[in-house]
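2 protein chains.
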Amino acid sequence: MTVKKLGRQTVAFANPPTIAGYASVVGKKEGDGPLATFFDLINQDDSFGESSWEKAESAMQRLALQSALDKAGQAPSSLDLLFAGDLLNQCIASSFAVRGQDVPFLGLYGACSTMAEGLVMASMTLDGGFGNWAAAVASSHFCSAERQYRTPLEYGGQRTPTAQWTVTGAGAAVLSREGNGPYVTHATIGKVVDKGIKDANNMGAAMAPAAYSSLTAHFSETGRKPSYYDLIVTGDLGELGKSIVLDLFRADGVELGNYDDCGVMIFDLPAQDVHCGGSGCGCSAVVLNGYLLRGMAEGRWKNILFCGTGALLSPISSLQGESIPGICHAVAISTEKGV
Amino acid sequence: MTVKKLGRQTVAFANPPTIAGYASVVGKKEGDGPLATFFDLINQDDSFGESSWEKAESAMQRLALQSALDKAGQAPSSLDLLFAGDLLNQCIASSFAVRGQDVPFLGLYGACSTMAEGLVMASMTLDGGFGNWAAAVASSHFCSAERQYRTPLEYGGQRTPTAQWTVTGAGAAVLSREGNGPYVTHATIGKVVDKGIKDANNMGAAMAPAAYSSLTAHFSETGRKPSYYDLIVTGDLGELGKSIVLDLFRADGVELGNYDDCGVMIFDLPAQDVHCGGSGCGCSAVVLNGYLLRGMAEGRWKNILFCGTGALLSPISSLQGESIPGICHAVAISTEKGV
Chain A
3 MTVKKLGRQT VAFANPPTIA GYASVVGKKE GDGPLATFFD LINQDDSFGE
53 SSWEKAESAM QRLALQSALD KAGQAPSSLD LLFAGDLLNQ CIASSFAVRG
103 QDVPFLGLYG ACSTMAEGLV MASMTLDGGF GNWAAAVASS HFCSAERQYR
153 TPLEYGGQRT PTAQWTVTGA GAAVLSREGN GPYVTHATIG KVVDKGIKDA
203 NNMGAAMAPA AYSSLTAHFS ETGRKPSYYD LIVTGDLGEL GKSIVLDLFR
253 ADGVELGNYD DCGVMIFDLP AQDVHCGGSG CGCSAVVLNG YLLRGMAEGR
303 WKNILFCGTG ALLSPISSLQ GESIPGICHA VAISTEKGV
Chain B
3 MTVKKLGRQT VAFANPPTIA GYASVVGKKE GDGPLATFFD LINQDDSFGE
53 SSWEKAESAM QRLALQSALD KAGQAPSSLD LLFAGDLLNQ CIASSFAVRG
103 QDVPFLGLYG ACSTMAEGLV MASMTLDGGF GNWAAAVASS HFCSAERQYR
153 TPLEYGGQRT PTAQWTVTGA GAAVLSREGN GPYVTHATIG KVVDKGIKDA
203 NNMGAAMAPA AYSSLTAHFS ETGRKPSYYD LIVTGDLGEL GKSIVLDLFR
253 ADGVELGNYD DCGVMIFDLP AQDVHCGGSG CGCSAVVLNG YLLRGMAEGR
303 WKNILFCGTG ALLSPISSLQ GESIPGICHA VAISTEKGV
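Chains A and B supply the protein sequences, listed in that same order.
Residue numbers for the first sequence, in the working numbering: 3 to 341.
Residue numbers for the second sequence, in the working numbering: 3 to 341.
Extracted from the complex, chain A is given alone in its bound form (with noise of 0.2 Å):
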């Protein structure tokens, strides 16, 4: 037992589950972005087809989770857990995408840090050896966001230098008990951190605190240093959630050469006027399961360290004059299963 936990935080899978499948479905200006060529599914209509920008959101789901299946050679019968989560109000998003699919199903609300929750779920279930097969499955959507936590698309509100830009995407990944990777071999699960900030238009300097402290874990706790990984990921603290990440390190005499971020590196910044980036569960969802997957396939990288960002506020919570709690899960991908 002991084995499988390294410390407060950070767990080694005993048997890394393998990331057998995974697909990724974004919208148009995603698609115009720097990454467009690693995405399975680029729509040019945001609606896919459905009647409301809400409808739009499962339909990602489930054109990505099916993607996703295919590519692992499976159906959906073959899942024993599905892990699903999404912004808005009560994870419709997810629920509907699922309703109709016959497959065990465990919601989740991590806000932006969803696809790494799911992640760490699935991997602790199967590790755990209550199945052969999970997904984890996250979106987001500009326009069903934009008017739930800001105002309609049509009042054409402003938007501050620190927003970020929501993106229409949904990433899925299906995870095998057997497999030759790429494998989930450990993951460190947040603690709520909250360092006062409450501007809602400044999510990436509330949690960049999130990110630094599970980072922190990670690192302590496997006794490995950052240089470890070819790549460190967050997502998605933006341009100036990074920049705080990086001064939180300096700080401690550590340059993070190899980091970046899920929301800068979605959008080509500063053209695609999206201020300090990309947000949104879907905005690391679809990096991981576009560029950095893919990356991995293609030897780009042998391991990453995934780190899913979410600020845990709600437009109810802002209004009554609370600051932003922030939290962070950081997953260890290799393409190695004995490291």
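These are computed hints drawn from the structure, not numbers from a lab.
A few of these clues could be false.
When chains are identical, the list treats them as one kind, so a pair holds in a single copy or across two.
[Stated by the list, open to error] Here are the computed lysine-lysine pairs in the DSBU-like style, where the Cα-Cα straight-line distance is at most 30 Å: (1) 7 to 339; (2) 227 to 200; (3) 7 to 200; (4) 304 to 197; (5) 7 to 31; (6) 339 to 6; (7) 31 to 200; (8) 227 to 7; (9) 227 to 304; (10) 304 to 6; (11) 227 to 197; (12) 304 to 7; (13) 31 to 197; (14) 6 to 200.
Position chain B relative to chain A; hints supplied.
Relative to chain A, chain B alone:
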């Protein structure tokens, strides 16, 4: 591995975790009901001394977890994992309850099935070897739910006969890898079931088919008859949903004699004027962590099947004309380990 998986939806724990501590915190109306003597804390002031109903809900979660930890003789720093969820948009009752607590946190969304979902996740991760202590917490608050899902309290809205009353309460269970029971022995993880009910004031009817689905899966995959259990409890279908479950089993030639529902049990019907009964994540959470586990400790029951039921709708999905997806996770709890 295969030993732990009994069928498509059901897992059996190799080393069933013990529920080492449990606690329930409720408001005034619940304290006026028939289960009053089983709750740990009844507050005559539903604000719990906080400035908003949302913060009151977070306060209940903190009180319930602290009390459950006290009974287990553990500090928060013992917890390897905390699973929590609620009904509020972006699950802020849970996130803000966990803020400031030094505990690895994984957020859930399962609507009113959250307590059962948390037990499932805590049991799988402990049995999987990822820690020695885990907690599951769930809550709801009549006043925060009413203004979010229906109308502000000040409107004095009329309720339809099939409506249920959101319970003001939070329940917490602290599970340990080793202990003397009661033990979580099996879990049947639900699929999303939607039979087309669109009336958001009739959630019992919407969720009953999900309860029937998971119950029949549980019986078939474990080979157990309903009579194996001293008590089968759904939560929270209310009077109408309960009668539908009984009817669905009757159509199969099965008379469920040992069956009740948390939504029916928690209030005095019809005297407390809650129409079909209680609802909300807090309902099954406080009935389990008050009445049911206390009853097992006092020798009233040896084997119970706790079936958390959730309606995975949102006000937006209802306004868009959608029907209501339901889910049910069934958790077998026994005073004996080797069952």
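Practice problem: Provide an ascending list of the numbers of those earlier hints which the structure does not satisfy. | Solution: Hints 2, 3, 4, 5, 13 and 14 contradicted; others consistent.
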